[in-house]
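Sequences are here, hints too, so could you generate the full structure?
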Amino acid sequence: MIQRPFTVMLIIPTGIGAAMGGYAGDALPVARAISAVCDCLITHPNVLNGAQLYWPLPNVWYVEGHGLDQFAAGNWGLRPVHGHRIGLLLDQGIESDLRIRHLQVADAARATLGLALTDAVVTDRPLGVTLKTAVSGATWGTIEHPDSLLRGAQHLIEQEKATAIAVVARFPDNIASAALSAYRHGHGVDALAGAEAVISHLIVREFQIPCAHAPALAPLPLDPHLSPRSAAEELGYTFLPCVLAGLSRAPQFVHGSSLINGVERSAVDAVIVPESACGGSAILNLSQTETTIITVAENQTTLTVTPDQLHLSVMRARSYSEAIGILVALRQGLDPRSLTPSVQSVKAKH
Amino acid sequence: MGDAIVPDACKIEWITLTMPYSQPEPPQPGWIESTLRQWGEPLRWAITNVSEQGLEIEAVVLRMMDP
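Protein chains in written order, with numbering that gives the first Met the number 0: chain A, 0 to 349; chain B, 0 to 66.
Bear in mind the hints are in silico, worked out from the structure with no lab data behind them. Check the hints yourself; a few may be wrong.
[To be verified] Not the full set, but computed from the structure, chain B residues with beta-carbon under 7 Å of chain A: (1) Pro19; (2) Tyr20; (3) Glu24; (4) Ile46; (5) Gly53; (6) Glu57; (7) Val59; (8) Val60; (9) Met64.
Note that CB positions come from ideal geometry on N, CA and C, so glycine has one too.
Shown next as structure tokens:
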């Protein structure tokens with residue numbers, strides 16, 4: 000009997016201080032566990048990126064956030080690939096030694112991982128990243144020269160024939176900031192996340208190819224009290240290895256007449272999201288489909304936008320372990336409520 | 000592939016707004032995005048709070064500047 004693939008989407012928005020997934024790839028174990036109970040897991044770089052650390056998962060699709068939103072809206076589809084020719088786009092604002100470090104990551108990706116990379120392109124202006132925190136506690140940021148970013152990406156695509164883009168932008172070093180200290184100790188919100196999302200969103204929106212970002216930062220002084228959740232980002236000189244690994248097999252975006260050649264949102268059986276972060280574009284779009292929305296209560300964030308406030312019909316899990324149990328039931332065609340001590344009688348309605 | 004590269008005269012901006020909403024069903028993303036387009040092309044947005052005034056939205060938009 001031919002079975003329909005069981006496809007799950009995992010969303011943990013970046014820059015909202017998620018207790019799980021708001022640090023250095025600390026939701027990767029969640030992704031690994033979910034991938035074991037589904038045929039295809041679609042998730043975004045924030046979940047899978049652990050700087051120097053990553054984990055190859057053959058049935059996991061690495062999909063940038065804007066692309067994920069377009070997919071959930073039904074505008075784009077996803078088509079698997081065997082591999083990509085990754086173009087590395089470096090911010091002119093990165094100082095010489097740090098630039099060399101990033102090029103050496105690219106060299107290592109070629110020699111040790113066998114990835115296909117183009118020659119790197121340097122932007123024609125420093126991108127000028129600035130960071131801010133919103134009233135909600137979410138972080139955001141902007142770049143001074145978005146045009147320079149896009150010109151560099153265009154050059155990689157048209158001249159170097161890149162089919163995926165890895166961007167490295169120079170971010171401000173705020174070594175003494177309280178926010179950074181909190182982040183390193185496993186509290187607070189990733190101050191870089193919002194600006195990182197803007198950078199990749201710009202490229203994906205304009206060129207509709209896979210893209211991910213790694214910030215370029217000066218090394219931090221040793222902290223003996225570093226949180227395990229933040230530790231992966233302090234093992235080396237760059238955040239780039241996980242980005243190159245993730246992009247290497249990221250699905251292509253398809254749309255219009257090519258949509259039939261890709262996986263569409265109707266294939267998504269379930270989506271998992273923190274209970275307090277239900278106000279994003281992807282969840283609201285998927286709420287209009289047959290996709291089962293599963294919320295996870297213990298993954299708290301800085302937000303307080305719950306399913307009840309938005310009139311969303313969801314299944315509630317207290318933990319990711321419970322959510323995984325719900326997925327197993329759904330995959331078997333079971334009503335998860337039948338796995339509880341009390342089962343309600345079927346009523347006849349007139 | 001995109002048709003045009005963002006010209007120099009553009010900015011990425013963060014905006015916040017409150018949209019009154021009292022419907023008994025989930026808000027439509029298209030309605031939110033069409034409202035955001037008054038300020039620019041939305042790159043990223045989310046409902047960050049629900050209050051008596053309505054849906055509090057934070058968004059990053061790409062705004063073309065006047066030459």
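Right, here's what the structure says about each hint:
1. Pro19: Pro19 of chain B check fails; min Cβ-Cβ to chain A is 14 Å, beyond 7 Å.
2. Tyr20: violated (9 Å)
3. Glu24: Result: holds, 5 Å to nearest chain A Cβ.
4. Ile46: Status holds, d = 3 Å.
5. Gly53: violated (11 Å)
6. Glu57: holds (5 Å)
7. Val59: Val59 of chain B check passes; min Cβ-Cβ to chain A is 5 Å, inside 7 Å.
8. Val60: violated (10 Å)
9. Met64: violated (11 Å)
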